[in-house]
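What follows is the residue order along each chain.
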Amino acid sequence: MGLDVNDLFHLFTKVQDDLYYFAKKAKQGGEKIAGFLCTYSPQELFHAGGYFPVRVIGGEGGTPLADQWLQPYACSFAKSVLNLGLTGDFSFLDLVVFSHTCDTMQNLAEVWRRRVEGIPVIIVSTPNLNAGEIALTYLKRELVRVKEEVERISGDKITDERLLESMRLYERHRNNMNRLYQLRQANPSLMTGTEMFVVVLSSFLMKKEEHNTLLEDLIKTLENVPPQEIKRPRILVGGSVCQAQGFIQSIEAVGALVCNDDLCMGSRSYVLPPVPQGEPIDMLAQMYLSRIPCPAFHKPGYDPAEIYIEKVKAGNIDGVIFLQTKFCDPYAFNYPYLRKRLEQEGIPSLLLEVEQNQPVPEAFRTRVEAFVETLNNR
Amino acid sequence: MSDYFVIGLDIGSATAKAVLVDNEGKKCAYAVRPTGGRLVQSAEDVKKEVLSKTGVVEESVKAIITTGYGRDIVQNKTKSLTEITCHAKGAYITMPDIRFVIDIGGQDSKAILLESDGQVGRFEMNDKCAAGTGRFLEVMARTLGIHLDEMGDMALRSEKCSKISSTCTVFAESEVISLLAQGEEIPSVVSGLCRAIAERVYGLASRVGITPPIMMTGGVAKNKGVVSWLSKVLKQELIVPEEPQIIGALGASIIGLEWVKKNNETMNKITQNI
Amino acid sequence: MSQRVPIRSTAKMKELMGFYYMMAKAAENDPSQKIAWITSGGPVEILHAGGVIPIYPENVAAMAGTMKISDEICAVAEEQGFSRDLCSYARTDIGSVLSGKGPIMGSASPKPDFLVCCNNICGTVTKWYEELQRIFNVPLIFIDAPFQYGTKDRPEAIDYMEAQLKKMIEQVGEITGNPISWDKLMETLELADRAVKLWREIQDLLQHKPAPMNSFDTFIHLAPIVTLRGTQGCIEYYESLKAEMLERIEQGIGTLEKEEYRLGWDNLAIWYKIKFLSERFSQHNAALVVSTYTRSFCYQAEDRDISNPLRAMSADYLAGYINHGLDFRERELYQMVKDFSLDGLVMHSNRSCRAYSFGQYELARTMEDKYGVPVLLIEADQNDTRMWSDEQVGNRIDAFMERVASKKKRT
Chain P
1 MGLDVNDLFH
11 LFTKVQDDLY
21 YFAKKAKQGG
31 EKIAGFLCTY
41 SPQELFHAGG
51 YFPVRVIGGE
61 GGTPLADQWL
71 QPYACSFAKS
81 VLNLGLTGDF
91 SFLDLVVFSH
101 TCDTMQNLAE
111 VWRRRVEGIP
121 VIIVSTPNLN
131 AGEIALTYLK
141 RELVRVKEEV
151 ERISGDKITD
161 ERLLESMRLY
171 ERHRNNMNRL
181 YQLRQANPSL
191 MTGTEMFVVV
201 LSSFLMKKEE
211 HNTLLEDLIK
221 TLENVPPQEI
231 KRPRILVGGS
241 VCQAQGFIQS
251 IEAVGALVCN
261 DDLCMGSRSY
271 VLPPVPQGEP
281 IDMLAQMYLS
291 RIPCPAFHKP
301 GYDPAEIYIE
311 KVKAGNIDGV
321 IFLQTKFCDP
331 YAFNYPYLRK
341 RLEQEGIPSL
351 LLEVEQNQPV
361 PEAFRTRVEA
371 FVETLNNR
Chain Y
1001 MSDYFVIGLD
1011 IGSATAKAVL
1021 VDNEGKKCAY
1031 AVRPTGGRLV
1041 QSAEDVKKEV
1051 LSKTGVVEES
1061 VKAIITTGYG
1071 RDIVQNKTKS
1081 LTEITCHAKG
1091 AYITMPDIRF
1101 VIDIGGQDSK
1111 AILLESDGQV
1121 GRFEMNDKCA
1131 AGTGRFLEVM
1141 ARTLGIHLDE
1151 MGDMALRSEK
1161 CSKISSTCTV
1171 FAESEVISLL
1181 AQGEEIPSVV
1191 SGLCRAIAER
1201 VYGLASRVGI
1211 TPPIMMTGGV
1221 AKNKGVVSWL
1231 SKVLKQELIV
1241 PEEPQIIGAL
1251 GASIIGLEWV
1261 KKNNETMNKI
1271 TQNI
Chain H
2001 MSQRVPIRST
2011 AKMKELMGFY
2021 YMMAKAAEND
2031 PSQKIAWITS
2041 GGPVEILHAG
2051 GVIPIYPENV
2061 AAMAGTMKIS
2071 DEICAVAEEQ
2081 GFSRDLCSYA
2091 RTDIGSVLSG
2101 KGPIMGSASP
2111 KPDFLVCCNN
2121 ICGTVTKWYE
2131 ELQRIFNVPL
2141 IFIDAPFQYG
2151 TKDRPEAIDY
2161 MEAQLKKMIE
2171 QVGEITGNPI
2181 SWDKLMETLE
2191 LADRAVKLWR
2201 EIQDLLQHKP
2211 APMNSFDTFI
2221 HLAPIVTLRG
2231 TQGCIEYYES
2241 LKAEMLERIE
2251 QGIGTLEKEE
2261 YRLGWDNLAI
2271 WYKIKFLSER
2281 FSQHNAALVV
2291 STYTRSFCYQ
2301 AEDRDISNPL
2311 RAMSADYLAG
2321 YINHGLDFRE
2331 RELYQMVKDF
2341 SLDGLVMHSN
2351 RSCRAYSFGQ
2361 YELARTMEDK
2371 YGVPVLLIEA
2381 DQNDTRMWSD
2391 EQVGNRIDAF
2401 MERVASKKKR
2411 T
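Residue numbers (our numbering), protein chains in the order written: chain P, 1 to 378; chain Y, 1001 to 1274; chain H, 2001 to 2411.
No lab work stands behind these hints: they were computed from the structure.
Idealized CB from N, CA, C, for every residue including glycine.
One thing to keep in mind: the hints can contain errors.
As a list, the in silico DSBU-like pairs of lysine-lysine whose alpha-carbon atoms are at most 35 Å apart [as the list claims (entries may be wrong)]:
1. Y:K1269 to Y:K1077
2. P:K311 to P:K220
3. H:K2258 to Y:K1128
4. P:K326 to P:K14
5. Y:K1232 to H:K2370
6. H:K2184 to H:K2166
7. P:K27 to Y:K1232
8. Y:K1027 to H:K2409
9. H:K2152 to H:K2242
10. P:K14 to P:K24
11. H:K2166 to H:K2242
12. P:K231 to P:K313
13. Y:K1262 to H:K2209
14. Y:K1224 to Y:K1160
15. H:K2408 to Y:K1027
16. H:K2407 to Y:K1026
17. Y:K1079 to H:K2338
18. H:K2409 to Y:K1026
19. Y:K1077 to H:K2407
20. Y:K1048 to Y:K1079
21. Y:K1261 to H:K2407
22. Y:K1163 to Y:K1222
23. Y:K1269 to H:K2407
24. Y:K1261 to H:K2408
25. Y:K1079 to Y:K1128
26. P:K24 to Y:K1232
What the simulated footprint calls covered on chain P by chain H, stretch by stretch (three residues with Cβ under 8 Å from a Cβ of chain H suffice, anywhere in the stretch; the number is not a length) [what the hints assert, rightly or not]:
27. 98-108
28. 138-150
The task is simple: from the sequences and hints, build the whole structure.
This is how it looks when you write it as structure tokens:
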């Protein structure tokens, strides 16, 4: 066993040319594909329902069709996803799952439901309150409803056994991804941020079964690699961007190393706690409610700065770069507080407003370069 | 000789246009002048120009309808109406089958859906952003060091078409400079710019709901490159009238004529009943 | 506003609200009198029953907008890193807190002892109130009202609301040191119910041709139902307003010389341009007679169980217009067009409010294509003047009214 790291990456990188390479291949093989937009979506449920869950991500390019239905002040993620829906690029999906997260997603789901034809839609009413028995009860009932919807659409019953199996599979995958993050934190020279993001991106677009196998091989290979000195400034990226590779690449091209992240399409996707004991739906509800919250959700007493400071200290990070999607309100509201806390801890940070459907602009590169220069001079 | 005439004035921020029609709605003369920032004066000038071209005296002019940015400041007028209403009427009079009007002017662009009787249905305007207007092409012509008038033919002749991704005029300018530095040829860049403006306007038009037959009006309709790209992007043939810039003023004059006729009719009825 | 005959009750309302603000200001220095900041869709009856004075940051922000001091206050928040793309109410409020400046007697609102945030209006309030909690370091009561994607509100969601409201009643009692009595709560709910019914009746009176007042007036007369819902003063005020409206109907007093066209408004008001809009529409003899915005404050759930007031309240707090998806909104808009004999709709595409604005393009197209209702979209912002141009908006209003006029002539 033990594929060459390059071979592993060859498989991972298949998604760079076509995000839905694996999904489309599976579809050709007769499988059912479920597209989901949010990490609060109970993927395990769709998996148990016989679907291959893939993450719906926007793409590069203009959004002329979406512009007819969403104002210019809608985020580029929403526009891009809607545009791809309207052009038929997502027609390979057998199911699309929206979750209630922020105001934009909430209304995007509605516009999609009314204007994109041919794909069944499920909207998960995730409670915005991420704590307490009351919210837990609500989420449990909602997950039962979603389960019944999936069963109705697919025609297949989701048994507790199958659900438990899927939950275990996803748990194993989370553990693997977190292990990889840990290895990288302790030894950033293992791979570049760009390489790491290929692994991360493919994790949303490949079957967990296959990705697990590749991950386990990769981890075995990397586990015993001794740390090497890093001369470049170490960066933590945070924010609300979904497709980060272009930006990560740009940051590394000017001589920094992206060592860790606090991104939705990154470490935040692996924050579910271990599967507890009990009835599967109850367990699912508990897990999803007790996870580290996304900024669009409210967890009483939660401090969004903690995770930044923790990661900066644990990884000897030199600076934080926020990749802030224009018009993303939840993250934009957190930013002033995060900036203040980082300043208090003496951690330099840079805010960059980005669009998710455009190539990385020159202005971005220039700013990052200037920031990295200041880090080099410290 | 017609016993009366009507004038339509379209006073835009960049150009002033006048059309003079006779009592049967026949277009007798038109005039186009840059405003040079002096709206009231240029309105007077174009009016005088159509009068002198035809030899008509001002007393024979029974109505003056104004439209455009400067419509309300013109003193001596019968009525003022927006460009939407006037462009719709102008297009309809020119070709009654027209269902859609795309107007790209110096500083704004509009898309108008006409109902089957030529009345205005839905409409959308872009007057906040230079991209998608004649100003975009003006800026780019300067950057490329060519004449605005050359752009159309250049674009048509070019086999290649550069990709311009910036949606903002200011950033597109930087992008054009980069493209030239990378060795892209000017005609290719011009073609790319024409496509960019077409795509921008397509967005505006699709918000209204594209319905053929489509007429293109406004100064930019004289740019064959933009017309060609817009046609490609819309996947429709575009009808471009002989003088696309005066459609608004023409529409205003016809509305004026209708007003005069209705007024005369009422006056006649009153006289009969006395 | 160009009113032929001014509305007498406006003076009464100013008095009522003035008194309320004075009480709130006095409470700032009285440790025994608790103050809570609450969202406009929040369950304020519980606060009134608990003897807590409610402050509405949204209301305060709207006032700052109307007084045209919002931009400078927002700048203070923007200096701290709050993006200009964020809701202008939030920026105004946070800016006001940070700078100490505000529209009421020049200063910021009295500090809260606790915060109540209900997200039945939008998700932005969640983040806004999280920031307020960080600033004031006081308890935050968060009521999660699930967005209803269908036209029928789900019983699970009503259960969820009920459980949260029960908990809130306990929490408010703990904070004030006085448990809220059941009787007091029932009494308050009854008062609120009556006020809401009155507000609905008043708005329905605008179905009369000519309408005795217009939407711009209703934006102003909205304040008591939002802030004082559950108090006796609120009922007395609306009783007097209703009587005045009935009087005006009897005397045939409208808001224009000649009411030729009737329009509906969607989304929040453009606070700093009410006069401009009112006058521009008046020039075309058009009256705005109904808005989804003001009707939001008289939503009562369809299947409310009046024998169970707390459950009815739970259902009501889910029932608002923008807590619903587009099918519900389409139905409401069409009903408005019919009930109020509308010739068209004006939709304010409000840059600050994604919850209200996204979906408008879809609704506008549906109203046009499916129901033949002309729709005008105005791109602006509720408070931020930098999003406005008299020229551009005026132009669009003129073009739209020309279209509406010509359409009406033909039918």
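Here's how the hints hold up against the structure:
1. Y:K1269 to Y:K1077: The given pair, whose Cα atoms are some 25 Å apart, holds under the 35 Å limit.
2. P:K311 to P:K220: It holds: about 24 Å lies between the C-alpha atoms, which stays within 35 Å.
3. H:K2258 to Y:K1128: holds, 33 Å
4. P:K326 to P:K14: holds, 29 Å
5. Y:K1232 to H:K2370: holds, 30 Å
6. H:K2184 to H:K2166: OK: K2184 (chain H) and K2166 (chain H) at ~14 Å, within 35 Å.
7. P:K27 to Y:K1232: Between K27 (chain P) and K1232 (chain Y) the Cα gap is close to 34 Å, so the pair holds against 35 Å.
8. Y:K1027 to H:K2409: Holds: K1027 (chain Y) and K2409 (chain H) sit about 28 Å apart, inside 35 Å.
9. H:K2152 to H:K2242: holds, 31 Å
10. P:K14 to P:K24: Holds, at roughly 12 Å.
11. H:K2166 to H:K2242: holds, 34 Å
12. P:K231 to P:K313: holds, 17 Å
13. Y:K1262 to H:K2209: Given pair K1262 (chain Y), K2209 (chain H) holds - Cα atoms ~29 Å apart, limit 35 Å.
14. Y:K1224 to Y:K1160: Holds, because 16 Å separates the two Cα atoms, which is no more than 35 Å.
15. H:K2408 to Y:K1027: Within the cut-off at roughly 30 Å; holds.
16. H:K2407 to Y:K1026: Since the Cα atoms of K2407 (chain H) and K1026 (chain Y) sit roughly 27 Å apart, the hinted pair holds (cutoff 35 Å).
17. Y:K1079 to H:K2338: The given pair, whose Cα atoms are some 33 Å apart, holds under the 35 Å limit.
18. H:K2409 to Y:K1026: holds, 26 Å
19. Y:K1077 to H:K2407: Status holds; Cα separation ~25 Å.
20. Y:K1048 to Y:K1079: holds, 19 Å
21. Y:K1261 to H:K2407: holds, 20 Å
22. Y:K1163 to Y:K1222: holds, 23 Å
23. Y:K1269 to H:K2407: Holds: K1269 (chain Y) and K2407 (chain H) sit about 26 Å apart, inside 35 Å.
24. Y:K1261 to H:K2408: With a Cα-Cα distance of about 21 Å, the restraint between K1261 (chain Y) and K2408 (chain H) holds, given a limit of 35 Å.
25. Y:K1079 to Y:K1128: holds, 26 Å
26. P:K24 to Y:K1232: Since the Cα atoms of K24 (chain P) and K1232 (chain Y) sit roughly 31 Å apart, the hinted pair holds (cutoff 35 Å).
27. 98-108: holds (count 8)
28. 138-150: Coverage by chain H holds here, the residue count being 4 at a Cβ distance below 8 Å.
This entry satisfies every hint, going by the numbered hints stated previously.
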